[in-house]
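J.: So the protein sequences, as listed, match chains A, B, C and D.
Taking this note's numbering, the leading residue of the first sequence gets 1, the next gets one more, and so forth.
Taking this note's numbering, the leading residue of the second sequence gets 1, the next gets one more, and so forth.
Taking this note's numbering, the leading residue of the third sequence gets 1, the next gets one more, and so forth.
Taking this note's numbering, the leading residue of the fourth sequence gets 1, the next gets one more, and so forth.
Treat each hint with caution, since some may be false.
[Claimed, not checked] Below are the EDC-like pairs computed for lysine to aspartate or glutamate, each with C-alpha atoms no more than 16 Å apart in a straight line: (1) B:K188 - C:D38; (2) A:K137 - C:E26; (3) A:K168 - C:D57; (4) B:K168 - A:E187; (5) A:K188 - D:D57; (6) B:K188 - C:D57; (7) B:K137 - D:D57; (8) A:K297 - A:E83; (9) D:K331 - C:E286; (10) A:K222 - A:E232; (11) C:K331 - D:E286; (12) A:K188 - D:D38; (13) A:K137 - C:D57; (14) C:K201 - C:D249; (15) B:K137 - D:D27; (16) A:K168 - B:E187; (17) A:K185 - D:D38; (18) A:K185 - A:E259; (19) B:K137 - D:E26; (20) B:K185 - C:D38; (21) B:K168 - D:D57; (22) A:K137 - C:D27.
I should point out that these hints are in silico values taken from the structure, not numbers from a laboratory.
Remember, predicted model here, so these are calculated numbers, not experimental data.
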Amino acid sequence: MANQDIPNQEILLDMYKKSALAKINDENARRVIMNGSLPMIYYSPRGQEIIPAAISVNLNNSDSICTIYRGMHDMVCKGIPLEKLWGEYAGKSTGTCKGKGGPMHITHPETGCMLTTGIVGSSLPIANGLALSYQIKNEKKVCVAYFGDAASNIGAFHEALNMASIWKLPVVFVCQNNRYGEHTKFEKATSVTRISDRAAAYGMPGIHVDGNDPVAMYNAAKTAIDRARNGEGPTLIEAMTFRFYGHVFGDQDGYMDKEEKAKAMAEDPLPKFRAWLIEQGYASEQVLMELEVAFDKQVKEAIASALSAPWPELDELNIDVLAAAQH
Amino acid sequence: MANQDIPNQEILLDMYKKSALAKINDENARRVIMNGSLPMIYYSPRGQEIIPAAISVNLNNSDSICTIYRGMHDMVCKGIPLEKLWGEYAGKSTGTCKGKGGPMHITHPETGCMLTTGIVGSSLPIANGLALSYQIKNEKKVCVAYFGDAASNIGAFHEALNMASIWKLPVVFVCQNNRYGEHTKFEKATSVTRISDRAAAYGMPGIHVDGNDPVAMYNAAKTAIDRARNGEGPTLIEAMTFRFYGHVFGDQDGYMDKEEKAKAMAEDPLPKFRAWLIEQGYASEQVLMELEVAFDKQVKEAIASALSAPWPELDELNIDVLAAAQH
Amino acid sequence: MMESLNNQITTVEAINSALADAMTIEDGIILLGEDVADPEEGGVAGVTRGLSTRFGDSRVRSTPISEQAIVGAGIGAAMAGMRPVVEIMMMNFATVAMDMIVNHAAKLRFMSGGQTQVPLTIRMATGAGLSTAGQHADYLEAWFAHTAGIKVVTYSSPAEAYGLLQSCIFDNDPCIFIENFIAYAQKGTAPEKNSRIPLGKANIVRAGKHVTVVSYGPQVGIALAVAEKLSAEGVELEVVDLRTISPWDKATVLESVKRTGRLVINHEAVKAFGVGAEIAAVVQQELWGDLLAPVRRVGAPSCPVPYSRPLELAFMTSEADLENEIRLALK
Amino acid sequence: MMESLNNQITTVEAINSALADAMTIEDGIILLGEDVADPEEGGVAGVTRGLSTRFGDSRVRSTPISEQAIVGAGIGAAMAGMRPVVEIMMMNFATVAMDMIVNHAAKLRFMSGGQTQVPLTIRMATGAGLSTAGQHADYLEAWFAHTAGIKVVTYSSPAEAYGLLQSCIFDNDPCIFIENFIAYAQKGTAPEKNSRIPLGKANIVRAGKHVTVVSYGPQVGIALAVAEKLSAEGVELEVVDLRTISPWDKATVLESVKRTGRLVINHEAVKAFGVGAEIAAVVQQELWGDLLAPVRRVGAPSCPVPYSRPLELAFMTSEADLENEIRLALK
Ligand SMILES: Cc1ncc(C[n+]2csc(CCOP(=O)(O)OP(=O)(O)O)c2C)c(N)n1
Ligand SMILES: Cc1ncc(C[n+]2csc(CCOP(=O)(O)OP(=O)(O)O)c2C)c(N)n1
Ligand SMILES: [Mg+2]
Ligand SMILES: [Mg+2]
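Bound conformation, chain A alone:
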């Protein structure tokens, strides 16, 4: 753990709960895909859970996030209800989006999950808009835009950071640098060693942090979110991490450095965090195990309920395309 201010026990446990729930949810997702009971195109965030856990413990329910196809962990940490999440994965009428959006477009405004986009880079400009609204209405709310390392090379990233900085928007840009964009290594596509250094191009603070270190990540998140909330403007956080299961779950990983991957998996941040919590006396093995068992049960119940839920009616094709007549 980083040699920094350590958050209190409550926060640490909250972070553990969030990240463990995301991990267990991921394990179950991979299980139901593998066993064929719920096949879907799935972008596993396994290995990256500490990042949104640390962000989310610094957010209120009324703060919002905009995330990407690989954003299950971001939303679970933000508090999205599992039944609705799984309902959407299964394409059922009980899903967050009545089955119409699917895994790449999960939305749940009640918990602040405002957008999941399948277009690289597009979470950022829209997050700006949410933040702009908070600013104009003087609401003291914050929006977090999640995105990947490779997304930092697309135009929308550039435009969004410039605008956010000019207008001091209450937004935090969180780049989850998992070292790959699809099959392409970070270094091959990105012309700067640290994405956080790009912040200087926008007169904005940039924080480079080990996203797998709960304490360091907590402090980075707190600094940036406080800054945004206090009207001091946006921050770019580059959180270093790794994705354990390739780009899309089931791909052959042939493009990945085997050693790099083995090393990253050996340093799985979740068991590490867990061991540290016990070692430091923040929680007992017993308590954490009970939590995990309960989470697993919750997830499995959510899946069961999704699998048995009804499909949407076919006339949903004509609904929600345009608003129901108003004038």
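Based on the hints, put chains B, C and D with the ligands in the right spot on chain A.
T.: Structure of chains B, C and D with the ligands alone, referenced to chain A:
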């Protein structure tokens, strides 16, 4: 003049010729618009001529440029024939583009004027492509992408600089920072004090230079162009300058700082350069005056020839849309 | 703004008033776009002049040249409950923001199962005739009309601009509001304050019995001029102003063509794969047996907008082009 | 690649071979796109696998995620005399590169008065059926067809993919080459090496006399299946594979419909303002008097592509949809 290596007399005179021709061409353009003999929407580059003059004396005929609507000076310095330029301004069949492109889309491949775009930022990605071709064919040629300060906030800028850096393309990005984008002040739209600092976000050298100083600008151009030609990759040059006649010629300038403008016009780089050349003994008043008179004559002849040239035939609407049948 | 002589106002004044009057009623309306605030003179055509002074710098913001960020900011603010009006200076610049418009603004209501909505108005100007050539004058409404989840609206007079823009702003869907640059100075009768013209409803601007002409934008004026001319010969055109290009008012168009038996569609956009094609395709199917002649279309030729004045004039659809197609329809 | 059993190859193999064979003949052909090189496994579907190893890292380059820069690089290299083939992974991502495609690639020949040209091929995949939902499955060919200066091409079998892609690559205009993701694994007879199928020419894949069905892409397979079925009832469909969507082969379509008197157009894209509208509009005008029934169209409903499997199936045009329209046309 900057306290730097001073180019030799031949180069200095060449730079003066190029910039003076662009200045005289601009004066005539404003004259024919004002007197109604050739009305057109015109983006005057008056005040910015030193920049492309310094660039162009470092380029060969087979090197290329991609420029923008405010790019008359860039093309005149690159050697575009005046008759064809004016033919295009007049929309005549004798124009570079047979009158079909117009002032915002002047093209003349024989002198390396490959592209004029009316879309902010779009000169950069296309310049990369020309440079990519030179690199793959190992031709030791260089492409220069010209653009404005405000263009540094659009996505295409970001994507182009990143790609050029990753691939070490023989391209030079020349930002003519005239302190305004249309009616908007530089500071209001751009989140960084110096655009050249953005180069660091792409692992690329950035040069901040007084674009109105012939010696400093020459050295910046030479450094960047040599670098590109030697296969060392791209450079971002931010050349500080000013546009004397607003965004589009004829606009009311109400958005401009009167003092700032008066000061800039008082420091018109062209008379300054001229006085310095005489003072330092590089040229006599007599020689320069003769040059200028000759240029003015050339320009007026080009205009006269454009005005009397025939319009394109109406079936030009159907020509050059697609290639003539090939297979 | 609206107290002009004889109750006549320009289109610029109408649009400016529509924005001002809407902003007065509802705080959630904000304006974003290049040069839109007063230190920047309210845009190159002055359409938003005075509004930042009146409603404050927070609600009226000149932006960097970043169309993706502009539209994205509009989308996010709309999702948060505001009613942003963003300006994309010229329609061709929408090409750098199509992801935001098409993949996001248009789809978020559907993809979220109705949980979020994007009450965003995107204003954009265009039109040939100003010698701005290939990259500043395209009419791209067919692209947006082909995109589910977004409304496409344009006007044929200052009062129509006012009423339709008001409706777009207060509509709960994303609306593309198309302005014609050359007609900004066009004058017309001032609208009633806060009057709205319903979206999705066409307007029969001239009744007639021989040929229906469907049009929109400044082309409606061309249709009316041709109608005047042909009336002298005893040919009575019924001129339908579509107002909303998508979703278009099938009922009104079909009812009219059923009466007249003949249809000519007239737009400035390139004819091939343009909006007229959809209308022709629907009408020939729905009114099979009622049509007295094939549906005909007037639109630009398949080429970029040319610069040279004679070419530009030949490119633009004219009264003569429309008259010609009408005469063919009457044969 | 092409030595497969029974001379059968997949579409992926056909496209891969078309690229490889063209690159062997001409040095100026380069490939740019996300993950296209071999360290990145030649793309998520492996379409370009083996090519960087064979032709070198300089000619086959995996790019950053920067579609504007990718297409821009293709345009510039094409202007300099090369024949780049760039990949935009999915058609929906073209929305971030529309400026490059529409304002530049399509217009530079015209705007330069023929001094420059852009012999660029832009490959992009799409198609519903894989549960990728709203942002990965749109068919946007109507946008490109409405844009003068660009050709739009797609194929209905591996051999067609090979021959048409070869033609796009060696064509002197920018070509949009549309691939269907779900049909990548589809097998068919291998083409002859270096065979090219001319652009702008449709192909009558089945002769018939009662109804003409015009289609393109995988929908041609649907048309053939329906033709087979109806043939048993004595109804003989003439199936026309458009191959080039724009500029489309009017002569072949008109000649066919003149014979059959009936036309149904079938595409996966949203029906409203889709490619079918233009074909219907032209045919009803040109063949007025020859048509025995109105032109009918099959296309997707006006909504984003939905995720849920039953919705996705209902969204996608099916054999039943086509059969239904054909029966209506025969009434
Ligand atoms: C504009 C656009 N281009 C390409 C893609 C295809 N694509 C999906 S994910 C991805 C890689 C993104 O990598 P990164 O930003 O690092 O995020 P990660 O998947 O690693 O979390 C690509 C290229 C896309 N979705 N959108
Ligand atoms: C994508 C796009 N957005 C907006 C415009 C309208 N526009 C034309 S020039 C310009 C200002 C550009 O300023 P800058 O880059 O500083 O260049 P300058 O005109 O000062 O030389 C704008 C906003 C455009 N042409 N393209
Ligand atoms: Mg990544
Ligand atoms: Mg400028």
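J.: Next step is simple, just say for each hint if it's right about the structure.
T.: The hints, checked one at a time:
Straight-line distance between C-alpha atoms of B:K188 and C:D38 comes to about 13 Å, which keeps the hinted pair within the 16 Å bound. Pair hint A:K137 plus C:E26 holds up; C-alpha atoms about 13 Å apart against a cutoff of 16 Å. Distance check on the hinted pair: A:K168 and C:D57 sit about 14 Å apart at the alpha-carbon level, within 16 Å; holds. A distance of roughly 14 Å separates the Cα atoms of B:K168 and A:E187; the hinted pair therefore holds under the 16 Å criterion.
Among the hinted pairs, A:K188 with D:D57 is consistent with the structure: their alpha-carbon atoms are about 12 Å apart, no more than 16 Å. As the CA atoms of B:K188 and C:D57 are separated by approximately 12 Å, the hinted pair is consistent with the 16 Å bound. Under the criterion of a C-alpha separation no larger than 16 Å, the hint pairing B:K137 with D:D57 is consistent with the structure, at around 13 Å. A C-alpha spacing of about 12 Å is found between A:K297 and A:E83, which places the hinted pair at or below 16 Å, so the restraint holds.
For the hint linking D:K331 to C:E286, the alpha-carbon distance of about 14 Å falls within 16 Å, and the restraint holds. Distance restraint check for A:K222 and A:E232: the Cα-Cα separation of roughly 13 Å lies within the 16 Å cut-off, and the hinted pair is therefore satisfied. At roughly 14 Å between alpha-carbon atoms, C:K331 and D:E286 fall within 16 Å of each other, so this suggested pair holds. Straight-line distance between C-alpha atoms of A:K188 and D:D38 comes to about 13 Å, which keeps the hinted pair within the 16 Å bound.
For a cut-off of 16 Å, the pair hint linking A:K137 to C:D57 stands: about 13 Å separates their Cα positions. Note on C:K201 and C:D249: the hinted pairing holds, with a Cα-Cα distance of about 5 Å set against a maximum of 16 Å. This hinted pair checks out: B:K137 and D:D27 have alpha carbons roughly 9 Å apart, not beyond 16 Å. The suggested pairing of A:K168 with B:E187 holds, with an alpha-carbon distance near 14 Å, which does not exceed 16 Å.
Between A:K185 and D:D38 the CA atoms are separated by roughly 12 Å; this keeps the pair inside 16 Å, and the hint holds. Taking the CA atoms of A:K185 and A:E259, the gap is about 14 Å. The hint holds against a cut of 16 Å. Taking the CA atoms of B:K137 and D:E26, the gap is near 13 Å; set against the 16 Å cutoff, the hint holds. Between B:K185 and C:D38 the CA atoms are separated by roughly 12 Å; this keeps the pair inside 16 Å, and the hint holds.
For the suggested pair B:K168 and D:D57, the alpha carbons sit about 14 Å apart, so the restraint of at most 16 Å is met. For a cut-off of 16 Å, the pair hint linking A:K137 to C:D27 stands: about 9 Å separates their Cα positions.
Consistency with the previously given hints is maintained throughout, with no hint failing.
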